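Read top to bottom, the protein sequences are chains A and B.
Take any residue in the first sequence, note its place counting from 1, add 4, and you have its number in our numbering.
Take any residue in the second sequence, note its place counting from 1, add 4, and you have its number in our numbering.
The hints are simulated quantities; they were obtained by calculation from the structure and are not laboratory data.
Some hints here could point you the wrong way.
[To be verified] Covered by chain A, according to a simulated footprint, are these stretches of chain B (three or more residues, beta-carbon under 8 Å):
1. 44-56
2. 62-72
3. 162-176
[Claimed, not checked] Cβ-Cβ distance ranges computed for the label pairs, FRET-style:
4. B:Met87 / A:Pro27: 45 to 51 Å
5. B:Glu168 / A:Ser225: 45 to 51 Å
6. B:Glu168 / A:Lys85: 34 to 40 Å
7. B:Ala172 / A:Gly248: 28 to 34 Å
8. A:Ala158 / B:Lys105: 42 to 48 Å
9. B:Arg47 / A:Pro27: 45 to 51 Å
10. B:Asn122 / A:Lys262: 23 to 29 Å
[As the list claims (entries may be wrong)] Selected chain B positions facing chain A (in silico; Cβ < 8 Å):
11. Glu97
12. Glu101
13. Val104
14. Ala106
15. Gly110
16. Arg111
17. Pro149
All values reported here derive from a predicted model rather than from experimental measurement.
Just so it is clear, CB atoms sit at the ideal spot from N, CA and C, and this is done for glycine as well.
Protein chains: 2
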Amino acid sequence: MIGVFDSGMGGLTAVKEILKLKPDAGLIFFGDTGRVPYGTRSRETIINYALQDARFLASKRVDAILVACGTVSSTAMPELKKMLDIPVLGVVEATAEAAVKATKNGRVGVIGTPATVNSGSYVNYINAVDPSIETFSQACPLFVPLVEEGLFSADCDITRLTAEHYLARLREKEIDTLILGCTHYPVMAEAIGRALPGVTLINSGAESARRLSDMGLLKDSGGAEYFVSDSTEHFAGLASRFLGMPLNGRVGYVEIDKY
Amino acid sequence: MIGVFDSGMGGLTAVKEILKLKPDAGLIFFGDTGRVPYGTRSRETIINYALQDARFLASKRVDAILVACGTVSSTAMPELKKMLDIPVLGVVEATAEAAVKATKNGRVGVIGTPATVNSGSYVNYINAVDPSIETFSQACPLFVPLVEEGLFSADCDITRLTAEHYLARLREKEIDTLILGCTHYPVMAEAIGRALPGVTLINSGAESARRLSDMGLLKDSGGAEYFVSDSTEHFAGLASRFLGMPLNGRVGYVEIDKY
Numbered sequence: 005m006i007g008v009f010d011s012g013m014g015g016l017t018a019v020k021e022i023l024k025l026k027p028d029a030g031l032i033f034f035g036d037t038g039r040v041p042y043g044t045r046s047r048e049t050i051i052n053y054a055l056q057d058a059r060f061l062a063s064k065r066v067d068a069i070l071v072a073c074g075t076v077s078s079t080a081m082p083e084l085k086k087m088l089d090i091p092v093l094g095v096v097e098a099t100a101e102a103a104v105k106a107t108k109n110g111r112v113g114v115i116g117t118p119a120t121v122n123s124g125s126y127v128n129y130i131n132a133v134d135p136s137i138e139t140f141s142q143a144c145p146l147f148v149p150l151v152e153e154g155l156f157s158a159d160c161d162i163t164r165l166t167a168e169h170y171l172a173r174l175r176e177k178e179i180d181t182l183i184l185g186c187t188h189y190p191v192m193a194e195a196i197g198r199a200l201p202g203v204t205l206i207n208s209g210a211e212s213a214r215r216l217s218d219m220g221l222l223k224d225s226g227g228a229e230y231f232v233s234d235s236t237e238h239f240a241g242l243a244s245r246f247l248g249m250p251l252n253g254r255v256g257y258v259e260i261d262k263y
Numbered sequence: 005m006i007g008v009f010d011s012g013m014g015g016l017t018a019v020k021e022i023l024k025l026k027p028d029a030g031l032i033f034f035g036d037t038g039r040v041p042y043g044t045r046s047r048e049t050i051i052n053y054a055l056q057d058a059r060f061l062a063s064k065r066v067d068a069i070l071v072a073c074g075t076v077s078s079t080a081m082p083e084l085k086k087m088l089d090i091p092v093l094g095v096v097e098a099t100a101e102a103a104v105k106a107t108k109n110g111r112v113g114v115i116g117t118p119a120t121v122n123s124g125s126y127v128n129y130i131n132a133v134d135p136s137i138e139t140f141s142q143a144c145p146l147f148v149p150l151v152e153e154g155l156f157s158a159d160c161d162i163t164r165l166t167a168e169h170y171l172a173r174l175r176e177k178e179i180d181t182l183i184l185g186c187t188h189y190p191v192m193a194e195a196i197g198r199a200l201p202g203v204t205l206i207n208s209g210a211e212s213a214r215r216l217s218d219m220g221l222l223k224d225s226g227g228a229e230y231f232v233s234d235s236t237e238h239f240a241g242l243a244s245r246f247l248g249m250p251l252n253g254r255v256g257y258v259e260i261d262k263y
């Protein structure tokens, strides 16, 4: 059974990709909806929260953990790997490798939360694989609240202008590939794509799900269970936006401060 | 000495009004920047966080507490009053009374976070004072992230469209008075005012500061001290946006989960 966690609901876009590959995958998801967002917080706070999230999943006896959160994957992987004695996978590696494969002109953009962009995680990994690639990063702090507010349609003027506000500079840089470095962003992929015509978008959840599958970590074992640290009703109401299908599985509450 | 707390930085708009009335007011501010925002969280979480915030201020031996947060003032006042043996004042009462005085056509709008609007706190208090007043409420979840992202200018298209998105319905209802039911909102008052021309805006921080002064709770005793639950540098960098002047006072970090 695989454990998946995120700072909030965005990680469900990774769950969506896992269920595409294996519809009956044994899976426990934890979304830290009581403390979302992580991306504007300090490094110490992010690490502290991430260790609590992982301890909760470990207490459920999962065989491996996917950190389906760009912010945590960019900030807390060494600490998580040190604490856990099961495989733990972040979204950065698979996503960065996919971007290196996808680019033709060697110019790659990275968008994410402030914490993710400041960490330089995607850029460092891309350049470890291929030092000749030029990268251009942009923090987009309003994308997460826009998605959570339901304003993710490419036809919404607020969404369109906010996407242009953040992405105009990347367009000028003539990138041909863009990493969606936050698991919320696939929900507004169409709006992002319109602001950057012709650019290949790399979905971190999809790349990581494929990596899990390649590693043999996705097993048929009885479906998904979901846990959150705030209202279970709110989560159940919004989950289909991220999953692209109705939520199928029990939703429970966790007092995450206790872990 | 007065204690002031908020879920984040918005409460500084109330501090600004206190310092306008008494520039050397003895004041301890706590902003829960490590757990902001409260307004989209569940009632239980908000009450739990508010009690921790108040315990921290009480440990600093303040004489009274101003809850400079629309969400907490709308959700946790009975619990706070039960726990504390010093005066504790929320922003709802003074603000609602000011709106009742200000309206001429008896049609008052209320904007705030989802938690504030769902609580019905302002509406209930307005109708307790004058049952003939008609009220119209609107949650505006994107206003807080816009202010925190620096997009609060009335000339910014994103801000303008977001204000119109939320406020068009209140305009149709022909309100003549609007309660800014979140302490972040005064920062974007000009954009809000342009979406609702001719409407009187009621600033909850200003009304509450006046009430504190009337109650004799503002004392000259050596200036302000600030505490936050996330990066002190980030706070110091943004504080002037809310205070309308440079930050003057020490900024310390608090591990608020421990209170």
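**Report entry** Per-residue hint verdict: B:Pro149, partner chain A, C-beta under 8 Å
**Finding:** holds (4 Å)
**Report entry** Satisfaction of the hinted span 28 to 34 Å by the C-beta atoms belonging to B:Ala172 and A:Gly248
**Finding:** With Cβ atoms ~30 Å apart, the hint holds.
Report task. Look at the Cβ atoms of B:Glu168 and A:Ser225 and judge whether their distance stays inside 45 to 51 Å. Result -> holds (50 Å)
Report task. For B:Glu168 and A:Lys85, compare the CB-CB distance with the range 34 to 40 Å and indicate the outcome. Result -> Cβ of B:Glu168 to Cβ of A:Lys85: about 48 Å, so the range 34 to 40 Å is violated.
Query raised in the report: Counting residues of the region 162-176 of chain B that have a beta-carbon nearer than 8 Å to any beta-carbon of chain A, does the count reach 3?
Result: holds (count 4)
Query raised in the report: Are there three or more residues in the region 62-72 of chain B whose C-beta lies within less than 8 Å of some C-beta in chain A?
Result: violated (count 0)
Query raised in the report: Given a hinted range of 23 to 29 Å, is it respected by the beta-carbon distance of B:Asn122 and A:Lys262?
Result: Taking Cβ atoms as reference, B:Asn122 and A:Lys262 lie about 27 Å apart, which means the hint holds.
**Report entry** Per-residue hint verdict: B:Ala106, partner chain A, C-beta under 8 Å
**Finding:** violated (30 Å)
Query - Residue hint B:Arg111, partner chain A, criterion CB-CB below 8 Å - result: The hint is violated - B:Arg111 has no Cβ within 8 Å of chain A, the shortest such distance being about 26 Å.
Query raised in the report: Once the shortest beta carbon distance from B:Glu101 to chain A is found, is it less than 8 Å?
Result: Violated, about 31 Å.
Query raised in the report: Between B:Met87 and A:Pro27, does the beta-carbon spacing fit 45 to 51 Å?
Result: Because 49 Å falls inside the window, the suggested range holds.
Requested in this report: So, B:Gly110 near chain A? Judge it on the closest CB pair being under 8 Å.
Outcome: At 31 Å from the nearest chain A Cβ, B:Gly110 fails the 8 Å test, so the hint is violated.
Going through the hint list in order, the structure does not satisfy hints 2, 6, 9, 11, 12, 13, 14, 15, 16.
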